[in-house]
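**Q** If you want the building blocks of each chain, they are given just below.
There are 2 protein chains.
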Amino acid sequence: MTKTAAIIGGGVIGGGWLARFLLNGWDVNVFDPDPEAERKIAEVLGNARHALPMLYDHALPKEGKLTFCATMQAAVQNADWIQESVPERLDIKHKVLSEIQHYCPKDAILGSSTSGFKPSELQEKSDFPDQIMVCHPFNPVYLLPLIEVVPSVQTSASHIARAKDVLSSVGLYGLHVRKEIDAHIADRFLEAVWREGLWLIKDGIATTEEIDNAIRYGFGLRWAQMGLFETYRVAGGEAGMAHFIAQFGPCLEWPWTKLMDVPELTDELVQTIADQSDAQSGHKTIRELERLRDNNLVSIMRALKQQDNAAGSLINEHEKTLVSIQKPVGKIQTVTRKIPVDWTDYNGHMNEGRYGQVFSDAADGFMLAIGADADYIASGNSFFTVETTIKYLVETHAGEDIVVDTTVNLAEGKKLKLSHEMRRVDGTVLATCAQFLLHVDLDTRKSSDPVGAVATAIAALKP
Amino acid sequence: MTKTAAIIGGGVIGGGWLARFLLNGWDVNVFDPDPEAERKIAEVLGNARHALPMLYDHALPKEGKLTFCATMQAAVQNADWIQESVPERLDIKHKVLSEIQHYCPKDAILGSSTSGFKPSELQEKSDFPDQIMVCHPFNPVYLLPLIEVVPSVQTSASHIARAKDVLSSVGLYGLHVRKEIDAHIADRFLEAVWREGLWLIKDGIATTEEIDNAIRYGFGLRWAQMGLFETYRVAGGEAGMAHFIAQFGPCLEWPWTKLMDVPELTDELVQTIADQSDAQSGHKTIRELERLRDNNLVSIMRALKQQDNAAGSLINEHEKTLVSIQKPVGKIQTVTRKIPVDWTDYNGHMNEGRYGQVFSDAADGFMLAIGADADYIASGNSFFTVETTIKYLVETHAGEDIVVDTTVNLAEGKKLKLSHEMRRVDGTVLATCAQFLLHVDLDTRKSSDPVGAVATAIAALKP
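For the protein sequence lines, the chains are P and W, in the order given. Residue numbers for the first sequence, in this note's numbering: 1 to 463. Residue numbers for the second sequence, in this note's numbering: 1 to 463.
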């Protein structure tokens with residue numbers, strides 16, 4: 001695999017796919033005849049470059065090469081993954097898929113971003129249906145991990161398996177949908193909620209802002225981490241899920257039957273929604289709202305990462321593939337990362353306390369490099385930090401790429417003194433840290449000398 | 001107002017209300033004839049004591065007094081707020097409300113936790129309907145801020161206004177619903193989504209776990225911070241909300257019409273859901289799932305707090321009412337708080353870097369105490385931290401209550417040296433920090449002497 005992706009259709013969705021591949025080290029070819037495509041993609045890519053690397057506590061791979069192609073052939077002929085994100089009309093999709101398949105490798109994955117059509121509908125006019133599947137993403141594609149992978153019976157099992165592997169490798173989660181269905185899974189929920197929202201506005205029960213508050217101050221917080229059914233399982237308590245349904249089913253049934261009508265999207269209703277939305281958010285530009293949304297998402301997803309749960313577990317799994325442990329020779333690069341938005345104050349400066357975090361991470365990186373890893377700790381040995389002195393030299397901002405180099409200043413028996421230097425990638429030293437650690441026997445909880453390969457590795461690093 | 005709440009019905013919902021009031025310093029009377037009530041409430045209160053204080057970077061007020069009452073009269077006769085959370089049957093609600101009103105003050109707020117009934121239905125048999133309103137919370141009530149405040153035309157405006165004030169004062173958000181309606185606002189969405197979920201399971205499209213993943217890896221993350229309409233406003237881009245609806249309305253209309261049926265809750269479907277839920281979450285007890293949910297919610301809400309957005313803005317607003325600035329005399333208590341779960345590693349130990357955070361917060365607290373506040377910074381003056389030395393003495397765990405005392409070691413012109421001592425409330429010293437700061441003129445970006453009242457305050461603290 002050459003790790004080349006072709007993006008066919010470069011709007012907000014296509015641009016999001018592009019950013020996801022490019023920032024994970026893939027080369028990306030774009031084909032979109034829209035003269036505005038390059039500008040639109042630059043905007044999405046700008047947002048993605050700001051936000052996606054902030055999810056991780058380690059730098060992403062070097063960006064791949066981005067090529068705007070004049071022809072469909074140039075874009076797809078060498079691609080491993082081709083993602084179609086053209087407008088939501090079946091005749092257009094058929095035409096574009098046919099042209100793609102005229103030029104693309106037969107073993108390439110051909111994913112469609114359609115939010116409504118079934119894969120069998122997309123495959124109707126194709127001579128090679130086995131490579132076609134729905135890969136339905138969620139905006140912003142460069143942050144949200146969910147991809148609904150919907151094959152038809154004609155899609156080949158090997159293409160499906162490879163698609164899921166590729167998605168994981170770029171930090172996405174391929175949710176394999178068992179049977180094809182209109183609107184897949186998530187959009188059925190979104191449409192149901194959208195319909196209820198329209199009724200509430202039409203009937204004057206609530207404004208767009210009140211509805212958004214009803215969601216984000218309540219069940220939205222629950223759903224971000226557990227979804228629907230596990231939330232109800234917890235609410236039901238020890239009696240179990242069947243009991244919960246038995247208890248709440250009957251009293252919920254009656255209002256359900258009132259919610260079946262579809263409100264007509266009259267001009268008046270559309271205008272009401274637009275006016276309410278302006279009153280709610282019109283004081284911010286779309287660019288500002290995008291940045292606000294992305295900063296919130298980064299912070300929420302990093303919070304779940306710290307809990308190693310829900311979407312945060314996916315990030316941790318992906319991050320493991322980014323870390324390569326250096327062979328310890330002299331100076332060791334122990335941290336390489338971007339400063340995330342949840343580390344900064346309202347001015348965008350890194351909080352004083354987070355310098356301590358960076359140097360704590362540097363010590364962790366050093367420990368991995370000398371082999372003082374989880375196995376070493378499980379064997380009853382560890383280093384405890386006793387004292388750190390940090391000198392703050394230059395202000396640091398959200399979005400900056402930094403590295404930390406670590407050297408050993410002293411290694412005598414149980415004592416270890418490390419010196420960390422935090423730099424911008426341009427070389428500017430931002431802060432330094434002197435760290436004093438003691439080796440500890442975790443059984444006796446008393447200081448002790450390092451053992452085995454760790455002792456050898458430290459000896460080799462002594463000044 | 002005596003800050004006394006009466007909780008009528010002490011299940012998961014009543015217990016959550018109880019915890020919210022109690023942990024915000026209210027005295028709480030409980031009336032629930034269930035012999036298990038005391039045990040059930042202890043469980044909810046245990047979870048709440050773990051989680052709620054972690055949302056804040058400042059300690060909550062001293063807990064109020066909790067009293068289990070033998071009679072309705074004893075519970076409600078002196079209450080400012082009475083919250084009814086009895087089973088969801090109108091005849092029971094009428095009987096309980098009537099008994100409450102027989103004994104309670106006429107100016108007390110009488111809120112019902114009903115998720116389905118309209119306030120006018122609750123008021124049907126009442127001689128004093130003006131004090132009755134729906135105050136519909138969301139589980140876990142001790143963490144989620146949303147309360148749907150639904151009055152009828154008979155509810156008095158002064159009761160409604162006071163209810164919203166009280167809710168804010170205990171960190172809740174009263175969403176005033178403009179017109180009464182079955183199931184209020186949020187539950188209409190929950191029911192719509194629940195119905196679609198049942199269909200997906202019945203039709204074999206997805207399992208409970210797959211549905212939960214479709215939510216929590218995708219739109220659940222969006223909804224936790226922006227809700228539905230602002231999310232779509234952003235997705236629609238510069239063209240605006242009306243354009244978005246015009247573009248997406250038609251292609252969404254067709255699948256909508258397929259989603260109108262109500263699935264019958266047959267025994268078979270109930271069993272399928274229960275089995276799938278067991279396969280998904282059965283390896284964890286409900287207690288474990290509650291703790292997992294609460295830790296996730298605390299972390300997500302603290303992430304939004306750091307962004308000062310969505311539910312996090314509500315916490316910041318509430319926190320402002322908790323902080324009292326001390327008059328600076330000798331030793332100043334600059335931090336008083338609980339260690340939150342997002343500050344700890346998988347063993348529950350506080351991360352090394354977070355000690356730096358605590359001492360950075362201590363310096364902030366000191367600055368407020370000497371008057372070096374936002375106005376002082378706006379006038380072009382500030383202190384920058386140049387160097388910190390932290391000594392780590394004792395391991396610290398999530399959930400521990402800590403304080404930091406700060407003393408001035410040196411104050412000479414532009415130079416300021418602070419000494420911070422971090423202690424458990426039992427007195428154990430956990431860590432110390434020596435901090436060297438320089439006063440800076442923010443215009444010239446050069447060091448300078450403190451000015452005005454700040455200079456005077458520092459001089460008074462010199463050793």
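Where hints are given, some of them may not hold.
Unchecked claim - SDA-like cross-link-like pairs, simulated, lysine to any residue; straight-line CA separation at most 20 Å:
(1) P:Lys284 - W:Arg423
(2) P:Lys202 - W:Ala242
(3) P:Lys284 - W:His243
(4) P:Lys391 - W:Ser379
(5) P:Lys415 - P:Gly353
(6) W:Lys202 - P:Arg178
(7) P:Lys446 - W:Leu430
(8) W:Lys391 - P:Gly353
(9) W:Lys391 - P:Lys118
(10) P:Lys284 - P:Asp203
(11) W:Lys284 - P:Gly353
(12) P:Lys414 - W:Lys179
(13) P:Lys320 - W:Asp345
(14) W:Lys118 - P:Ser447
(15) W:Lys391 - P:Arg178
(16) P:Lys179 - W:Ile205
(17) P:Lys391 - W:Ala434
(18) P:Lys179 - W:Leu393
(19) W:Lys164 - W:Pro105
(20) P:Lys446 - W:Gly204
(21) P:Lys391 - W:Thr389
(22) P:Lys179 - W:Lys391
(23) P:Lys417 - W:Lys391
(24) P:Lys446 - W:Tyr392
(25) W:Lys179 - P:Thr67
(26) P:Lys417 - W:Lys415
(27) W:Lys415 - P:Asp203
(28) P:Lys415 - W:Ala242
(29) W:Lys179 - P:Thr207
(30) W:Lys391 - P:Thr389
(31) P:Lys446 - P:Tyr376
(32) W:Lys40 - P:Leu45
(33) P:Lys118 - W:Gly204
(34) W:Lys284 - P:Gly237
(35) P:Lys202 - W:Glu180
(36) P:Lys391 - W:Asp345
(37) W:Lys202 - P:Lys320
(38) W:Lys118 - P:Ile205
No lab work stands behind these hints: they were computed from the structure. This structure is a prediction, so every number in the text was calculated from the model and none was measured.
**Q** I'd like to know which numbered hints this structure contradicts. Please list them from smallest to largest.
**A** 1, 4, 5, 9, 10, 11, 12, 14, 15, 18, 20, 22, 25, 26, 27, 28, 32, 36 and 37
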